[in-house]
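Chemist: If you want the building blocks of each chain, they are given just below.
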Amino acid sequence: MSASVTAAPAGLAGWTHRWLDALPAPAGALAPVQERGRRALAELPPPSSRQEDWRFTDLGLLLQLPLGSATPAAAAVEPFAAAASATTAAVGPSPVVLRLQLDGRLDPLADLTLPPGLMALSPGEIAQALGHTLAATGCERHWPVELNHAAAERVLALRVASRSAVRLELLSSGPAPLRLLLVLEEKAELELSQLLHADAPGLTSLVMEAHLGRGARLRHGLVARGHDGAALLGHLAIEQEPESELQLTAVSAGWGLARLEPRVLQVDGQASSTLRGLQLVQGRQIADTHSHIRFNGPEGQLDQLHKAVASGQGRSVFNGAVRVPRAAQRTNAAQLSRSLLLSDRARIDTKPELEIVADDVKCAHGATVSSLQTDELFYLQSRGIDADQAAQLLQRAFCEEVLRDLPAAARAWCPLEGLQLVSEPA
Amino acid sequence: MIRPEAPVLLEIRDLHARVEDKAILKGVNLTIRAGEIHAVMGRNGSGKSTLSKVLAGHPAYSVTAGSVSYRGENLLEMEPEQRARLGVFLGFQYPVEIPGVSNLEFLRVATNARRAEQGHEELDTFAFEDLVRERLQVVQMDPAFLDRSVNEGFSGGEKKRNEILQMALLEPLVAILDETDSGLDIDALRIVAGGVNQLAGPDNATLLITHYQRLLDAITPDYVHVMAAGRILRTGDKELALELEQRGYDWVDQELAALDAAARQPLEVA
Chain A
1 MSASVTAAPA GLAGWTHRWL DALPAPAGAL APVQERGRRA LAELPPPSSR QEDWRFTDLG
61 LLLQLPLGSA TPAAAAVEPF AAAASATTAA VGPSPVVLRL QLDGRLDPLA DLTLPPGLMA
121 LSPGEIAQAL GHTLAATGCE RHWPVELNHA AAERVLALRV ASRSAVRLEL LSSGPAPLRL
181 LLVLEEKAEL ELSQLLHADA PGLTSLVMEA HLGRGARLRH GLVARGHDGA ALLGHLAIEQ
241 EPESELQLTA VSAGWGLARL EPRVLQVDGQ ASSTLRGLQL VQGRQIADTH SHIRFNGPEG
301 QLDQLHKAVA SGQGRSVFNG AVRVPRAAQR TNAAQLSRSL LLSDRARIDT KPELEIVADD
361 VKCAHGATVS SLQTDELFYL QSRGIDADQA AQLLQRAFCE EVLRDLPAAA RAWCPLEGLQ
421 LVSEPA
Chain B
1 MIRPEAPVLL EIRDLHARVE DKAILKGVNL TIRAGEIHAV MGRNGSGKST LSKVLAGHPA
61 YSVTAGSVSY RGENLLEMEP EQRARLGVFL GFQYPVEIPG VSNLEFLRVA TNARRAEQGH
121 EELDTFAFED LVRERLQVVQ MDPAFLDRSV NEGFSGGEKK RNEILQMALL EPLVAILDET
181 DSGLDIDALR IVAGGVNQLA GPDNATLLIT HYQRLLDAIT PDYVHVMAAG RILRTGDKEL
241 ALELEQRGYD WVDQELAALD AAARQPLEVA
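Top line first, the protein sequences correspond to chains A and B. In terms of my numbering, the first sequence opens at residue 1 and continues consecutively. In terms of my numbering, the second sequence opens at residue 1 and continues consecutively.
Hint data in this document are derived by calculation from the structure and do not stem from the laboratory. Please note that a few of the clues may not be correct.
Said to hold, decoys possible - Here's a subset of chain B near chain A, in silico, CB distances under 7 Å, partners left out:
| # | residue |
| --- | --- |
| 1 | Ala56 |
| 2 | Met78 |
| 3 | Pro80 |
| 4 | Ala84 |
| 5 | Gly87 |
| 6 | Leu90 |
| 7 | Val101 |
| 8 | Arg234 |
What the hints assert, rightly or not - Chain B is faced by these chain A residues, among others (derived, beta-carbon under 8 Å):
| # | residue |
| --- | --- |
| 9 | Arg55 |
| 10 | Phe56 |
| 11 | Glu186 |
| 12 | Thr374 |
| 13 | Tyr379 |
| 14 | Gln381 |
| 15 | Gly384 |
| 16 | Asp386 |
| 17 | Ala397 |
| 18 | Phe398 |
| 19 | Glu400 |
| 20 | Glu401 |
| 21 | Asp405 |
Glycine is no exception: its CB is placed at the ideal position from the N, C-alpha and C atoms.
Chain A on its own, in the form it takes in the complex (with noise of 0.2 Å):
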């Protein structure tokens, strides 16, 4: 049942007036879309368990967090003080590695020199492509995007090179606006590393833009660690031109709340789109991915899996919406949603979205629900391991097939054990 609907909009209204006056006037080169993005946010209702995409989330932490968080206190938290901005110079083969700092406020470029086949966009290129992504995938206006409009000061935009390999890994701690915009020219390749990390109340906001030239490949892993007086809102954009090949696998845990919303557009079809999604949940935790994919074209494939652990009283929501229009003839798409309950009071929302017009189609959906296996345990116990270390290896296992996916920078980010995976009695 729909039980606490703490956020009453009157609540989230007001709470977006004050935060909206804690801001810092507008600054620096994202300024203009500033300005737009508070206009729109005083006048845009917030999110409220009426309308669909909200049903079953609930923001009423948002009024809990302190207010002015935009401004982060200090850059670098602990355990990744010495990963200073720096280049990596890369040995052999293998591509170039970046890794930065992202704390949506200093220049993460500067003092830099980019390696071979990654530039910075101009200001006028950025001009002329930022909210590009955002408009394709029809996210432009939607509530947690215009927060970031309104908020965030400054865009990390990186091109990379026609032909080129680059990896890149971003690290970001504590409370933040942070906006990215991508562009892969043809065929260039990017392995992206991502680390959202939240050891404190506080906002952390990302809105990702990433445009795939044809024959284009990005390789997205997204980490995302929190806290439970923290709130995540993410919206990742992505547009994919023919022959490209997208796999973006994002894993959330530990957050009060974490809403992620990846949008896929398939601009003519004939692409490759693989995702995977893990979020875990305890205590009164509340995850939710809304993904959107849409087919403009013939042929476009999709391979989706989406995972959930829910235990003590969390929640976690789950709906894939997949748009295939009549363009969109001969697309292969399957979906599937598995979830793991492993609490009576947890809760498990999961929702596949099919809209399918065309009719020389594949598209396979599937949703389950489930607790650790009985006869799994059993036989674990039967060969001396205890129940509690028999359960942690059974979730390990279940969280494995998403992790395992991850590049290996973001893999070394989410250390099982620091998934806070708990067990209780059956």
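The hints should help you fit chain B onto chain A, whose structure is shown.
Modeler: Here is chain B on its own, set in the frame of chain A:
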């Protein structure tokens, strides 16, 4: 190997057990001493597999009467993992597939749990690899199976070999093998039985649960027990298994009917 003076490892007395609301075991008596190989035979539904699961501590089965002592301790009070650590091993009729858990990791964790109980030091990944490669030879198993998930996509024969591999690593004192022969072709049966024979020794005991004589051609039992309606109806030596093979189980039904007609008397067990 029957030695009357050998220590008793497992002593089952008047064991009654049920699953959900159905009584399955109705007074099982069985004494197993070190060095012995016992075979329990019987039709489907006679309670053979239930007996094995009760001994291993499967949560779906509840004991309603009787006792089981393992080396003088009350086995029924122990958690399944404690039984395993102390040396009780169940070879599953249907080994469970666990996608995502590496077989090698699983074997190592299990082996170390048993070793800790025995007061041996934990084996690190390197030391364990050496041990497991040596024990693989017991069942002539391809090391490639170590890198896969536990039993995932294994054939029937490979699963059973993996069971015997676990037995070789855990070195149990009482190994209960539940229809280890089912689903095996002749070659796999020979390999699995060979593994069991290698592992059987004067200090441990084996309880084979089977339908068929053919396993007992490869592993010679000291005792053969015929189970029916939740009890051990008759006990003999390996000749009894041959008799069953020739006469089928019909006489068991007759004997059971006669038994029901007469006043119930506890059966004397070897």
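Chemist: Against the structure shown, which of the earlier numbered hints fail to hold, in ascending order?
Modeler: 2, 5, 8, 9, 10, 11 and 21
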